[in-house]
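Produce the entire structure from the sequences given, and follow the hints as far as they go.
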Amino acid sequence: MTRLALAFDLGGTELRGALVESDGGVVAQVSAPTMAIAGSDAVIGQIIALAGALLTQRPKADVVGIGIGAPGPLDPKAGIVIAPPTLAGWHDVPLIDILGKHFGLPVRLENDANAAALGEWRFGAGQGTGSLVFVTVSTGIGGGVVADGHIYHGRRGLAAEIGHMTITGEGDRCFCGAVGCFEAVASGTALGRRATALTAPGDGSLLRRLSADGDVSARHVVEAARAGDISALELIEAEAKWLGIGFTNLLHLYSPDLIVMGGGLANGFDLLAPTIRATVEQRAMPAYRDVPIVPARLGDRAGLIGAASLILWEGEPGAPLAMATC
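Residues -18 to 307, numbered by my numbering, are exactly what the sequence shown covers, in order.
Since the hints were made in silico from the structure, they are not lab data. C-beta atoms are modelled at their ideal positions from N, C-alpha and C, and glycine is treated no differently. Be a bit skeptical, because a hint or two may be false.
Stated by the list, open to error - Across the chosen pairs, the derived CB separations fall in these ranges:
{"#": "1", "residue 1": "Ala13", "residue 2": "Arg154", "range": "30 to 38 Å"}
{"#": "2", "residue 1": "Ala23", "residue 2": "Gly130", "range": "15 to 23 Å"}
{"#": "3", "residue 1": "Arg258", "residue 2": "Ala23", "range": "26 to 34 Å"}
{"#": "4", "residue 1": "Asn248", "residue 2": "Asp196", "range": "17 to 25 Å"}
{"#": "5", "residue 1": "Asp129", "residue 2": "Pro182", "range": "50 to 58 Å"}
Put into structure tokens, the structure is as follows:
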């Protein structure tokens, strides 16, 4: 019988679960809106309910453990979710202990961006590389680093909060309170905010028509740019320059074999890539300029597959630091 892992990707908006095989294949998947403002007990109840739904689909599944990707900050070794800003009422929640006792299975907790990085390294765009930096560009900017076949965790698992690199002294204040964070100027949210400020309801612009005269999103900018809209193309150009600056910093910091870009904005990677590459060529030291920058391959399954692999690939590169059972 094929060994499977239960995997969960806990987001502030959506909670997704899957049964995953050791080759990265997803054999069943479920999701639900996250009860993000209801506290940890409610969301843990959702995880348990989704696990039940998955096991109902595959009642004879040989489940050997549970892997979870969750928003940071968290301590993966201790299995504690510390205080994620997207989940209300989560303060030092011992998630590994709670789920390990409930299911009687080994449980592994990982930062969601780290889990996605691991998924892309094992089964996606990073297959065959020794190291990569995964950058997810969506509502915010997150990241994960795989170095010499292992996730780079840093102290208490808090490494690679790349969205909060300071890359400028100007711009809107980030939710973390600082000015000039990579996330504050280069996320999909930031791109949508710039597009909204550039236009006005009823102005007849393609951006406002696509948004039904509401706030413009990054998705609308990409769609308009594909249609050749000049304003959207200029916004894409500016966005790509910010991404190129951030990626240059990551090249200098981690010297990876590869940078992989995921998240919602990766749907516009082909539009962004020329200026990202030109910016890196301009700013990076020569030894770093030949590092490929590529789009993610696994889409929104990367985190689920990466979380599952922490269980299914125990003892292999990238294996968990610690696991807990009931």
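Hint by hint, here is what the structure shows:
| no. | hint | result |
| --- | --- | --- |
| 1 | Ala13 - Arg154: 30 to 38 Å | holds, 32 Å |
| 2 | Ala23 - Gly130: 15 to 23 Å | violated, 37 Å |
| 3 | Arg258 - Ala23: 26 to 34 Å | violated, 45 Å |
| 4 | Asn248 - Asp196: 17 to 25 Å | holds, 19 Å |
| 5 | Asp129 - Pro182: 50 to 58 Å | holds, 52 Å |
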